[in-house]
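Chain residues, written in single-letter form:
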Amino acid sequence: MPRPGFVLEVDRSTPPILFWRGENFSLEKLPAGRSRVIYPPEPLEALSDIDGAIRNALLNPIDQDPLATQLFPGMKLTIAFDDVSLPLPKMTRPDVRQRVIEAVLDTAAAAGVDDVHIIAALGLHRRMHEYELRHALGDRIYDAFHTRGMLYQHDAEDHDNLTVIGTTDEGEVLEINKRAADSDLVVYVNINSVAMDGGWKSITTGLASYRCLSFHHNPETLQNTKSLMGHRHQSALHTSVWRLGKVLKDHGPKIFQIETTLNTDMFPSPFEFINKREWEWTAKDRATFLGTTKSLNRTPIKLARKIFHGIEGPHQMTSVQAGETEAVHKITLEHVHRQQLMEVHGQTDILTLGIPFVSPYNPDGVMNPILVMCMGLGYLFNMYRNKPLVREGGVVIMTHPCYRDFNPVHHPSYIDFFEQVLSDTTDPAEMSRKWEKQYAEDEWYRHLYRTGNAYHGVHPFYAWYWGAHGLQHAGKVIIVGGDPPTVRRLGFTPASTMDDAFEIASDVVGRSPTITHLHVPALLIADVQ
Amino acid sequence: MSRLVFSRKPARFALARVAGSIMPGAGASFGPLAVEPDELLPLPTPDWVRLRPRLAGICGSDLAMIDGTASAYFDPLVSYPFTPGHEVVADVLNADGSAGRRVALVPVLSCVTRGIDPLCPACATGQINLCERVAFGHLEPGLQSGFCSDTGGGWSHEMIAHPSQLVDVPADLSDEAAVLIEPTACAAHAAARYTGDETVILGAGTLGLLTLAAITARSTDRRGPIVVTARYAEQKRLAKELGADVVCASDELPRWVRSASKSLMVGDQLTCGARHVIDCVGSTESMQQALQVVAPGGEVQLVGMPSNVSLELTSLWHREVAIRGCYAYSHADFQTAIDIIRHHDLARLLSATYALDDYTDAIAHAASAGRRGAVKIAFDMRGK
Numbered sequence: 000m001p002r003p004g005f006v007l008e009v010d011r012s013t014p015p016i017l018f019w020r021g022e023n024f025s026l027e028k029l030p031a032g033r034s035r036v037i038y039p040p041e042p043l044e045a046l047s048d049i050d051g052a053i054r055n056a057l058l059n060p061i062d063q064d065p066l067a068t069q070l071f072p073g074m075k076l077t078i079a080f081d082d083v084s085l086p087l088p089k090m091t092r093p094d095v096r097q098r099v100i101e102a103v104l105d106t107a108a109a110a111g112v113d114d115v116h117i118i119a120a121l122g123l124h125r126r127m128h129e130y131e132l133r134h135a136l137g138d139r140i141y142d143a144f145h146t147r148g149m150l151y152q153h154d155a156e157d158h159d160n161l162t163v164i165g166t167t168d169e170g171e172v173l174e175i176n177k178r179a180a181d182s183d184l185v186v187y188v189n190i191n192s193v194a195m196d197g198g199w200k201s202i203t204t205g206l207a208s209y210r211c212l213s214f215h216h217n218p219e220t221l222q223n224t225k226s227l228m229g230h231r232h233q234s235a236l237h238t239s240v241w242r243l244g245k246v247l248k249d250h251g252p253k254i255f256q257i258e259t260t261l262n263t264d265m266f267p268s269p270f271e272f273i274n275k276r277e278w279e280w281t282a283k284d285r286a287t288f289l290g291t292t293k294s295l296n297r298t299p300i301k302l303a304r305k306i307f308h309g310i311e312g313p314h315q316m317t318s319v320q321a322g323e324t325e326a327v328h329k330i331t332l333e334h335v336h337r338q339q340l341m342e343v344h345g346q347t348d349i350l351t352l353g354i355p356f357v358s359p360y361n362p363d364g365v366m367n368p369i370l371v372m373c374m375g376l377g378y379l380f381n382m383y384r385n386k387p388l389v390r391e392g393g394v395v396i397m398t399h400p401c402y403r404d405f406n407p408v409h410h411p412s413y414i415d416f417f418e419q420v421l422s423d424t425t426d427p428a429e430m431s432r433k434w435e436k437q438y439a440e441d442e443w444y445r446h447l448y449r450t451g452n453a454y455h456g457v458h459p460f461y462a463w464y465w466g467a468h469g470l471q472h473a474g475k476v477i478i479v480g481g482d483p484p485t486v487r488r489l490g491f492t493p494a495s496t497m498d499d500a501f502e503i504a505s506d507v508v509g510r511s512p513t514i515t516h517l518h519v520p521a522l523l524i525a526d527v528q
Numbered sequence: 000m001s002r003l004v005f006s007r008k009p010a011r012f013a014l015a016r017v018a019g020s021i022m023p024g025a026g027a028s029f030g031p032l033a034v035e036p037d038e039l040l041p042l043p044t045p046d047w048v049r050l051r052p053r054l055a056g057i058c059g060s061d062l063a064m065i066d067g068t069a070s071a072y073f074d075p076l077v078s079y080p081f082t083p084g085h086e087v088v089a090d091v092l093n094a095d096g097s098a099g100r101r102v103a104l105v106p107v108l109s110c111v112t113r114g115i116d117p118l119c120p121a122c123a124t125g126q127i128n129l130c131e132r133v134a135f136g137h138l139e140p141g142l143q144s145g146f147c148s149d150t151g152g153g154w155s156h157e158m159i160a161h162p163s164q165l166v167d168v169p170a171d172l173s174d175e176a177a178v179l180i181e182p183t184a185c186a187a188h189a190a191a192r193y194t195g196d197e198t199v200i201l202g203a204g205t206l207g208l209l210t211l212a213a214i215t216a217r218s219t220d221r222r223g224p225i226v227v228t229a230r231y232a233e234q235k236r237l238a239k240e241l242g243a244d245v246v247c248a249s250d251e252l253p254r255w256v257r258s259a260s261k262s263l264m265v266g267d268q269l270t271c272g273a274r275h276v277i278d279c280v281g282s283t284e285s286m287q288q289a290l291q292v293v294a295p296g297g298e299v300q301l302v303g304m305p306s307n308v309s310l311e312l313t314s315l316w317h318r319e320v321a322i323r324g325c326y327a328y329s330h331a332d333f334q335t336a337i338d339i340i341r342h343h344d345l346a347r348l349l350s351a352t353y354a355l356d357d358y359t360d361a362i363a364h365a366a367s368a369g370r371r372g373a374v375k376i377a378f379d380m381r382g383k
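Residue numbers (numbering that gives the first Met the number 0), protein chains in the order written: chain Y, 0 to 528; chain G, 0 to 383.
If you are wondering where the hints come from, they were derived from the structure by calculation, not from laboratory data. Heads up, the beta-carbon is just placed ideally off N, CA and C, and yes, glycines get one too. The reader is advised that the hints may include incorrect statements.
Pulled from the structure, derived: some chain G residues nowhere near chain Y, Cβ distances all over 10 Å [to be verified]:
| # | residue |
| --- | --- |
| 1 | A13 |
| 2 | A69 |
| 3 | G195 |
To give an idea of the interface, some chain Y residues facing chain G are shown, with a C-beta separation under 10 Å as derived from the structure [claimed, not checked]:
| # | residue |
| --- | --- |
| 4 | D64 |
| 5 | A67 |
| 6 | T68 |
| 7 | S412 |
| 8 | I414 |
| 9 | E418 |
| 10 | Q419 |
| 11 | D426 |
| 12 | Q437 |
| 13 | Y438 |
| 14 | E440 |
| 15 | D441 |
| 16 | W443 |
The list that follows gives simulated cross-link-like pairs (lysine to aspartate or glutamate, DMTMM-like), each with its CA atoms no further than 20 Å apart [what the hints assert, rightly or not]:
| # | chain 1 | residue 1 | chain 2 | residue 2 |
| --- | --- | --- | --- | --- |
| 17 | Y | K475 | Y | D499 |
| 18 | G | K261 | Y | E440 |
| 19 | Y | K436 | Y | D154 |
| 20 | G | K261 | Y | D499 |
| 21 | Y | K433 | G | E311 |
| 22 | Y | K436 | G | D171 |
Isolated chain Y, as found in the complex (with noise of 0.2 Å):
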């Protein structure tokens, strides 16, 4: 039976805590007394059978027919999934969406359906790599369709695909993938790894033009988006999503959805020792750990970024429901819950996250010092309902080298971000009205991101909105470990050791701060009361 999430006070008999660095980890001494610790609850168990499970929800949806009774010979089937910015890390194989992808495309055939396209919805992130797409979709997947013409990547800047669904009371423009509007039937495969995914956000994200998404992904909508993974109704992102949604269900083409959860069994050995706590660690873990992290302070910095992004994670399917997208997405997010959600007690005056080697942005790349910022600010600091974990106007501290090194493949447009953006603000709304649209509009970033692999050129500037809420929320931001200009030109403090920051925030917060821990990288809710 899996442990509930558990929320450790720190005494002076508590071991050092775990904290990522990017591509290593350290341990730091929190203070006695006035620190705790949030661990993430246990993963759940995995579905026995879940090929049957997938089976049984296409054979059982949710408020509507099941789905071989809504396939016929002649149709237009457009299948979307959830592209390479989850989970994370990349799941063994199969990976869940081939799992589903290969059950639908079995019923189709038994239907008779033979014009079928597979389109991964990317909004405006990169196009996976064809390795990507092998081992999200599996070979025979893609040996089927891709040769063929009919797996291929979505492009929001592709206008002659484009189609404008309608618009919202609010005047958003719903403006998706013309092959999906035009389709008889769109199912789209999620994958629900965090509570602000799936629902309509699938669709008019995944399958949006920068138009649409420019509407909810902006300055404005995100600082106030108060609960990014809590209640609906604190979140101005969703509120706009969700009448997008209704634009769509009014006018759009029929969808199936279909969303999937999976457990926090994220890695594997030799790293179990990062799901653990730390006073259950064993003589092999603490061994482990320290040959790891030894190793890696003399690992050349791209090999570490080899070894952590080949990491295949565990974690497994914990449910599956399939029909009404509002109806699916509802249960969805009751199994999100199940497995991230726990209760925490009060705010704090100095929260500490932290920082991994990876985020949604940057699989097989480089995390750059605005996806550090996106990291800290924009996902880890979200995980709450109800409240922030830390108190307006406290402190956040982050641990990571914070180099200034980008991956000019994957993402071109940051290099430009970091030197000519935050060289002249950090301030999400004023790069909005001075920049945003030069990036956006920029043809050499357009063509990259339509025939390489590269982010959308506006894509740096929704990293950073991603953190707005946390920005404003937060009275300083420290990065131990971080490379002194790179952390400053973030609009950050440096600092070098824990201790070093826990002094700079004392200018804030004063000299006895209440310390919140946040245990990653297993992923939790803090319902905080």
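Keeping the supplied structure of chain Y fixed, place chain G upon it in accordance with the hints.
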């Protein structure tokens, strides 16, 4: 009374070259530059006058000479021994030795100063910087005062000059401002080719900053951004202050120009670029970068003095890029320079002054000016 003298001593010259390659400016300690007593130079013709320098700047070309990196091209264009110093503000000495009018020196030794008549075609049109007779006439070779054994130079307490070389310094201009007139005239000459299109200035040393100042002081029609590369924080601050739209490190430049010119890329080469690139460095690296970021059909203007460089010129051929030298000035540029100095209050660019006896410190400071947060270093002869 003393002066600095640069002599033809090949062994010392070689030593300076080695020392300068290890520590820029170290050629002053090991090379053929030395302090000597002032000597009374004969006047070539009765109309020449004697000057008592007040301040005399240290230029990049002086540093190249001292560290032994100047091109052999100049060998026939200088005469030894000579007293360096061509950025000069001085008093004209009256017959009784008292100080008369305060002047800035136009150091180019053109046909008029050399007693050549008729004037060469360039001098006849006022383009003294293109004079064809800089090694002829009644003076020893020397393209400028400060490189000619007959005229002396500003790094002394006395030199001589032809009246055509003198520009009166307005009373409202301090000596500190006036010593910048000559390099600012160079910048004004360079800035005359500014078109208002996207422009890149490579380097934010004295010449880069002054060229920027010359452009922004006089040009109101700016259709494209002016992008300046700068290495040090103070250079970046000054470049911003003097009106650059973008100031960046040189490794960031291609990306800035790419986005400013809405360019695509083919390999490392921009498909478009800046119409006008002003290279105020003159190194292989800066010139290669200039060719990387200049637009097809555009122009690279060499304002910084280059020496032996090795360049990949295929893109120049393919994209019909022009490389154009930019040397010195005409007399008119000196009047322009005075306006520019006033407009931007450029006296602040003079960072430090030294007595002649402290010349090794002065040269070392000038050679590492950027790193030390300085711009222009000069000798100050007013105290003695």
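**Message:** So, against the hints stated earlier in the document, which numbers end up violated here?
**Reply:** Structure breaks hints 4, 5, 6, 11, 20, 21, 22.
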